[in-house]
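Enquirer: Okay, here's what each chain looks like letter by letter:
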Amino acid sequence: MQRTQEMTSVQPDWENFYPRPVSDKVPFFNKDGRVYDCLFAQQFNRDLLTLLFRTADRLREVTQHKDGADYVSGLLSDKRAMLYFAQPSTRTFMSFLNACHVIGVKTSEIRDTSTSSEVKGETPEDTVRTFSSYVDMIIMRHPAPNFVEKTAWLMNRTGRPVPVVNGGSGKDQHPTQALLDVYTLYRSFNGDLDGRHVVMVGDLKRGRTVRSLSYLMKNYSGIRLSFVSPKEFRMEPDILEFLKRHGIPYEETEDFKGAMRTADAIYMTRIQDEHDKAGESKAVDYSPFYFKREHLKDIKENCIIMHPLPRRHEIDVAVDADPRAMYWRQERNGMWARAALIAYIFGVDGKIR
Amino acid sequence: MQRTQEMTSVQPDWENFYPRPVSDKVPFFNKDGRVYDCLFAQQFNRDLLTLLFRTADRLREVTQHKDGADYVSGLLSDKRAMLYFAQPSTRTFMSFLNACHVIGVKTSEIRDTSTSSEVKGETPEDTVRTFSSYVDMIIMRHPAPNFVEKTAWLMNRTGRPVPVVNGGSGKDQHPTQALLDVYTLYRSFNGDLDGRHVVMVGDLKRGRTVRSLSYLMKNYSGIRLSFVSPKEFRMEPDILEFLKRHGIPYEETEDFKGAMRTADAIYMTRIQDEHDKAGESKAVDYSPFYFKREHLKDIKENCIIMHPLPRRHEIDVAVDADPRAMYWRQERNGMWARAALIAYIFGVDGKIR
Amino acid sequence: MQRTQEMTSVQPDWENFYPRPVSDKVPFFNKDGRVYDCLFAQQFNRDLLTLLFRTADRLREVTQHKDGADYVSGLLSDKRAMLYFAQPSTRTFMSFLNACHVIGVKTSEIRDTSTSSEVKGETPEDTVRTFSSYVDMIIMRHPAPNFVEKTAWLMNRTGRPVPVVNGGSGKDQHPTQALLDVYTLYRSFNGDLDGRHVVMVGDLKRGRTVRSLSYLMKNYSGIRLSFVSPKEFRMEPDILEFLKRHGIPYEETEDFKGAMRTADAIYMTRIQDEHDKAGESKAVDYSPFYFKREHLKDIKENCIIMHPLPRRHEIDVAVDADPRAMYWRQERNGMWARAALIAYIFGVDGKIR
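Residue numbers (numbering that gives the first Met the number 0), protein chains in the order written: chain F, 0 to 352; chain R, 0 to 352; chain L, 0 to 352.
Since the hints were derived computationally from the structure, they do not count as laboratory data.
The structure displayed is predicted, hence computed values, not measured ones.
There's no promise every hint is true.
Identical copies go unnamed one by one, so any copy, or any two together, can satisfy a pair.
Taking lysine to aspartate or glutamate pairs in the DMTMM-like style, the calculated list, with each CA pair at most 20 angstroms apart, reads [claimed, not checked]:
| # | residue 1 | residue 2 |
| --- | --- | --- |
| 1 | K149 | D319 |
| 2 | K350 | D69 |
| 3 | K281 | E121 |
| 4 | K291 | D31 |
| 5 | K350 | D66 |
| 6 | K243 | D69 |
| 7 | K149 | D135 |
| 8 | K350 | E313 |
| 9 | K217 | D66 |
| 10 | K217 | E273 |
| 11 | K291 | E108 |
| 12 | K276 | E250 |
| 13 | K291 | E124 |
| 14 | K65 | D135 |
| 15 | K65 | E253 |
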């Protein structure tokens with residue numbers, strides 16, 4: 000209990016803590032100089048990214064043979080994780096779950112919070128603390144933007160903290176998506192991201208993946224960005240400010256065909272109409288921002304096409320068979336990147352590399 | 000990617016592929032001379048059945064002791080399966096899940112497709128491909144008759160196919176149910192199915208188990224079949240044609256008491272009123288097709304009573320205690336037969352036998 | 000099958016069996032002098048409690064290191080349990096699930112009975128028997144008071160019984176909650192429960208935990224009980240009778256502040272308004288039965304504060320940081336106590352201690 004009281008005295012109240020800038024908050028979620036709670040894409044610097052990517056690369060190599068797979072899945076056989084998904088997302092859920100399988104972490108699932116004790120008048124904080132009692136890690140997705148962070152903050156005040164991994168909170172943070180996106184660039188370019196031209200396309204205003212990706216580009220040098228979108232869904236000013244501050248050149252354009260010619264990576268996104276206030280998405284002609292089969296001849300031979308998925312019509316299904324279509328492998332990269340992250344948090348990444 | 004293109008060029012389009020007779024399609028779902036995707040009962044020939052049954056027999060023997068169980072559950076410790084059940088069936092689900100446990104395959108579950116990304120406008124094909132990214136096998140149940148087959152077909156066109164096992168598709172195919180039914184006959188008769196009199200009873204028109212079972216009887220010689228049903232629910236002509244073509248004698252009758260006297264196996268079924276169009280089941284007196292306690296004295300000493308379950312009133316609960324009541328063991332046989340099938344598909348069945 | 004018939008002839012019909020006093024029924028659920036089906040708190044005598052607590056203590060010790068955790072999780076690697084939770088209770092579910100993870104039992108889950116075959120007209124007895132086919136243990140929670148017991152009774156009549164563990168049945172029995180409550184006392188007092196003053200507070204009329212706890216106090220000597228409740232929710236006469244019969248002194252009072260001064264343990268409960276018939280809970284002022292921050296100075300230095308959780312307002316959140324607040328550890332004790340119980344039922348508890 001001594002520990003609890005110590006932490007309580009060090010950390011400010013939640014109301015004072017939460018509004019601070021992310022950069023101020025990051026140290027509270029580290030432990031012994033390593034990321035402990037993974038909450039923000041901003042927690043990934045270049046060194047950590049490289050470390051995680053090398054771990055992920057090694058994981059997929061080693062697990063190709065049964066001996067290696069058994070070795071890896073024995074590293075964390077004493078650990079239990081809870082996947083608390085208050086917001087449905089089978090895609091992210093499956094990716095994390097199988098990442099746990101790869102490295103041997105046992106899992107329990109909460110995918111429908113309506114069955115939890117919350118119905119009996121318990122506070123969400125108590126509910127989460129309850130479930131944390133039984134496990135060594137919480138992987139959490141929640142619709143409320145602050146809930147995952149608050150859980151981590153709260154856990155750190157208890158006598159028995161467990162690391163919290165953000166599987167998507169509100170519309171702002173989804174750090175492991177950012178991780179897998181950069182990992183896909185890293186793998187496609189054999190680790191050499193510097194000097195690349197990255198083209199982001201679609202609903203840039205409301206897509207959190209393109210925001211995080213833009214942010215993480217500051218870790219690499221000579222990057223050039225093109226933001227291709229209808230004028231209604233342009234990238235938000237805060238990101239543009241950020242890029243200026245870090246000296247990352249960018250252009251905003253509606254000319255997709257022009258931008259794609261020099262692209263090393265084209266990051267497609269779908270229209271995020273679930274965030275519409277009054278059906279505004281319907282008023283926009285999104286078709287100039289589709290990647291069609293005929294575009295394959297217009298892009299560089301080793302340009303990659305990415306998409307966070309799910310897609311609607313942004314990418315023609317006929318494109319899937321092209322070797323440059325990277326989105327399915329991008330999705331699979333998510334499992335490996337997440338496995339690497341979990342291994343890192345539990346401190347066994349060194350045993351994998 | 001080379002592989003993808005090769006397969007694409009070899010396989011016809013889905014619209015041309017799907018309507019072909021099953022016998023034409025079977026080779027597309029094989030690999031290296033073995034069943035790769037298990038979709039149709041027609042994929043089981045006598046040799047394969049015997050192989051799977053011997054594997055299943057050996058599995059239950061070996062796992063009786065902890066050393067053997069640990070050996071078996073280590074054989075596929077590097078494999079991950081997804082159970083994608085778009086149609087609720089806890090029975091089949093549990094059977095497959097525990098089969099995976101027996102042979103050490105790690106599992107992830109999709110039991111409610113409403114929580115998947117399908118809601119965001121993704122095609123079902125993309126959804127399935129997404130989930131397949133993380134696993135080495137898909138075990139799938141789906142209400143649409145063609146969906147499981149299409150998934151397998153589609154997977155085989157990608158650069159990363161994984162085997163697909165049909166856990167029930169539409170009202171036609173449920174190959175592992177057929178497998179466990181024949182396995183139950185095999186075990187009950189010590190491997191000697193030839194020359195048996197099999198009596199099928201009930202709603203033969205709409206029950207898919209009796210259809211598959213009839214079909215698989217062609218693998219054994221000297222089989223004699225009796226179809227006992229109300230006239231409204233007689234076996235469909237296509238099966239009767241099939242039997243004639245293969246020289247398997249059958250009779251159609253409403254005289255249950257007469258047929259049961261010489262039976263080696265009585266296969267009871269419930270009325271499938273979920274397929275009613277206008278409550279037609281209510282108009283039928285089904286009670287002459289019940290197996291009652293007093294019938295136990297009328298059947299042969301080593302006749303077995305089977306039922307795919309769930310039952311309603313077709314079999315008196317008082318019959319359960321009789322050694323000839325085989326339906327509970329039949330159910331358990333399902334787990335072993337499925338474990339054997341999965342082991343076979345992953346090529347480790349030889350290490351079990 | 001011989002075994003089935005033998006058991007059938009020994010056991011009376013359910014209708015005659017069920018109404019008997021628990022003490023009469025207990026032997027039917029034992030095997031070889033040990034508890035086989037764990038259904039009633041009354042099955043725990045002092046010796047068994049001590050055995051389970053020592054096992055639980057050892058489990059948490061051993062699993063602190065990976066070698067120990069791997070040893071323990073290998074003990075039951077050949078066993079499969081089904082968690083059949085017809086009544087939602089994520090808390091108890093998670094506790095049992097992770098208990099299984101600790102000792103290496105593989106699990107399958109039924110958390111929503113609406114997806115089971117019950118919809119096709121199967122009896123609940125058949126449904127349960129079906130699921131039991133695949134597993135070595137059933138852990139069951141059910142809203143009907145007799146369902147779990149009937150399942151155990153029924154399983155014992157089959158040729159393939161599996162042990163049944165009661166995870167909460169109706170409003171009466173929840174033996175593993177009682178187990179963890181006494182375990183919390185045991186740990187907090189270093190195994191010395193004799194002579195303690197235990198104060199139970201709140202809705203004593205309708206809370207099953209305080210009933211079971213009172214009952215189990217007969218296993219210890221010199222216990223003194225205080226029942227602190229609003230007059231509308233006093234402890235039921237049957238428990239008071241039981242205490243008199245066993246010579247356990249108790250007082251009933253509304254004076255919480257008076258009772259807490261000498262308490263060794265304060266067991267808080269919430270108002271059970273889900274059992275209201277006509278909103279009667281609203282008419283009661285429950286606030287005198289809250290444990291507030293300022294009470295911390297009024298209780299003994301080593302008095303512990305317990306709560307079965309979830310809580311509403313009975314305990315001030317500010318109390319959580321006090322070392323005497325035991326409820327979070329109590330919750331975690333549940334996982335260890337349940338793991339010990341399962342290990343005991345499978346007969347490997349000796350290998351842990």
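Enquirer: For every hint, state whether the structure bears it out.
Expert: Here is what the structure says about each hint:
1. K149 - D319: between (40 angstroms within a copy, 17 angstroms between copies)
2. K350 - D69: both (13 angstroms within a copy, 18 angstroms between copies)
3. K281 - E121: between (41 angstroms within a copy, 18 angstroms between copies)
4. K291 - D31: Neither, since 49 angstroms and 36 angstroms both go past 20 angstroms.
5. K350 - D66: Both: 15 angstroms inside a chain and 16 angstroms across chains, each within 20 angstroms.
6. K243 - D69: neither (47 angstroms within a copy, 52 angstroms between copies)
7. K149 - D135: Within. Shortest intra-copy distance 18 angstroms satisfies the 20 angstroms Cα cut-off; inter-copy 36 angstroms does not.
8. K350 - E313: neither (41 angstroms within a copy, 47 angstroms between copies)
9. K217 - D66: neither (39 angstroms within a copy, 43 angstroms between copies)
10. K217 - E273: neither (30 angstroms within a copy, 55 angstroms between copies)
11. K291 - E108: Close neither inside one copy (39 angstroms) nor across copies (34 angstroms); limit 20 angstroms.
12. K276 - E250: neither (28 angstroms within a copy, 61 angstroms between copies)
13. K291 - E124: between (47 angstroms within a copy, 19 angstroms between copies)
14. K65 - D135: between (26 angstroms within a copy, 13 angstroms between copies)
15. K65 - E253: neither (49 angstroms within a copy, 56 angstroms between copies)
In summary, the structure is inconsistent with hints 4, 6, 8, 9, 10, 11, 12, 15 from the numbered list given earlier, while agreeing with the others.
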